[in-house]
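The listed protein sequences derive, respectively, from chains A and B.
If you read the first sequence in this note's numbering, its first letter stands for residue 722, the second for the next number, and so on.
If you read the second sequence in this note's numbering, its first letter stands for residue 2, the second for the next number, and so on.
Since the hints were made in silico from the structure, they are not lab data.
Keep in mind the model is a prediction, meaning the values are calculated, not measured.
Hints may be right or wrong, so weigh each one.
Lysine-lysine pairs mimicking DSBU-like chemistry, simulated, CA-CA at most 35 Å apart [said to hold, decoys possible]: (1) B/K13 to A/K860; (2) B/K13 to A/K784; (3) A/K755 to A/K784; (4) A/K856 to B/K79; (5) A/K860 to A/K823.
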Amino acid sequence: MDTRSEEFLAYVQSGGQVEAGDWMPDEYRQKLVKFIEMHGNSELMGVLPEREWILKAPTLQRKLALTAKVQDEVGHAQLIYRVVEDLGKPRNACLADLVSGKAKFHNVFHYPTLSWGDVGVIAWLVDAAAIISQKALLKCSYAPYARIMKKICWEESFHILHGRDVVLAMMTGTDAQRELVQEALTRWWPPLMQFHGNPISREEDPMYVWRIKSQGNEEARQQFLEGYVPQIWELGLTVPDPDLRRSEDGTWEYTEPDWDELKSVVTGHGPRSQERLDFRRRLLDQEAWVREAVLAA
Amino acid sequence: MTVFEVFRQERKGQPFQHAGSLVAPDAAFAEAWAREQYGRRGESAALWLVPRDAVHEVVDWADEFDLKYRRVDGYSIKARLAEARERAGTATA
């Protein structure tokens, strides 16, 4: 690494932040684009599992709330792609790489949404896991990204509440409703445990080294377990991991997540990966006229 | 298409803070999108939408004349104050 890059690295490691117009090492810019683009892709693809339930939501209130959540997430994607654009990669290129399967999106959005129980568990626990990662980005060394994260985290907190409300309504309902939540939790637990990534030490994680993230993968997972397992247990739900327990020093022990599954899923081999990419591809073509009309305005 | 920088004021009287940016063909489109992004839950009292080209940025601060006299760290009064107290006979032991 040349001296200028070394100085830059020392600057961000001491808590320094940079703006779009500032000089930055190519390696840092590439890491930023990759990370932020994947975040944008995940927001955009993340609405698809929920979108399927807008028409099937049990009440008008739930339908409106779910529609609002979908609008929030698409809005996040727009803000995030804007940040990527300023780093040099146009939104069209991001979308092209997404639908061609070249770029990745988060593992949890590759799975089916089988019941209304899944909708509750996604909004509550997937959004909870996501907000932990996103809160760690409020201190990102790239300041324009850190700034939009404020709005994103604020909106995610509504989603968690909405999800918890859906889950609580079902848990105070009939046995069949409670069973739907338990089944959904059992399905979603393995992907949730994979969500924060393998337990690579933060010093070896390039995203931490450049202070794009401010915490390591395992720290994020521990925070998730500490915050949410007690909330799951108090509802009488069972977490499908016989080895899950809080040790005396406060760290959570759990069965090793299936990292091969994570790798296979995020490279496009999940149960709904291709179907969702096909859908996104079709929509991109179908709505091209809107973009053209706006450009012609 | 124009990049608009969005500045958001949370409550009347508070400073406007940079919140993000958006791309729009003109100010009317920019307003429609900014309202969706930053106003759906009544979270903003006002927004400023500024075309990025209109922002004149100043980031380099030359200090070749050593302007310390303009700053509080430009004054070290400890020794002088001690001497002044000495002469006034108000120094404590």
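Taking each numbered hint in turn, which are not upheld by the structure, reported in ascending numerical order? 4
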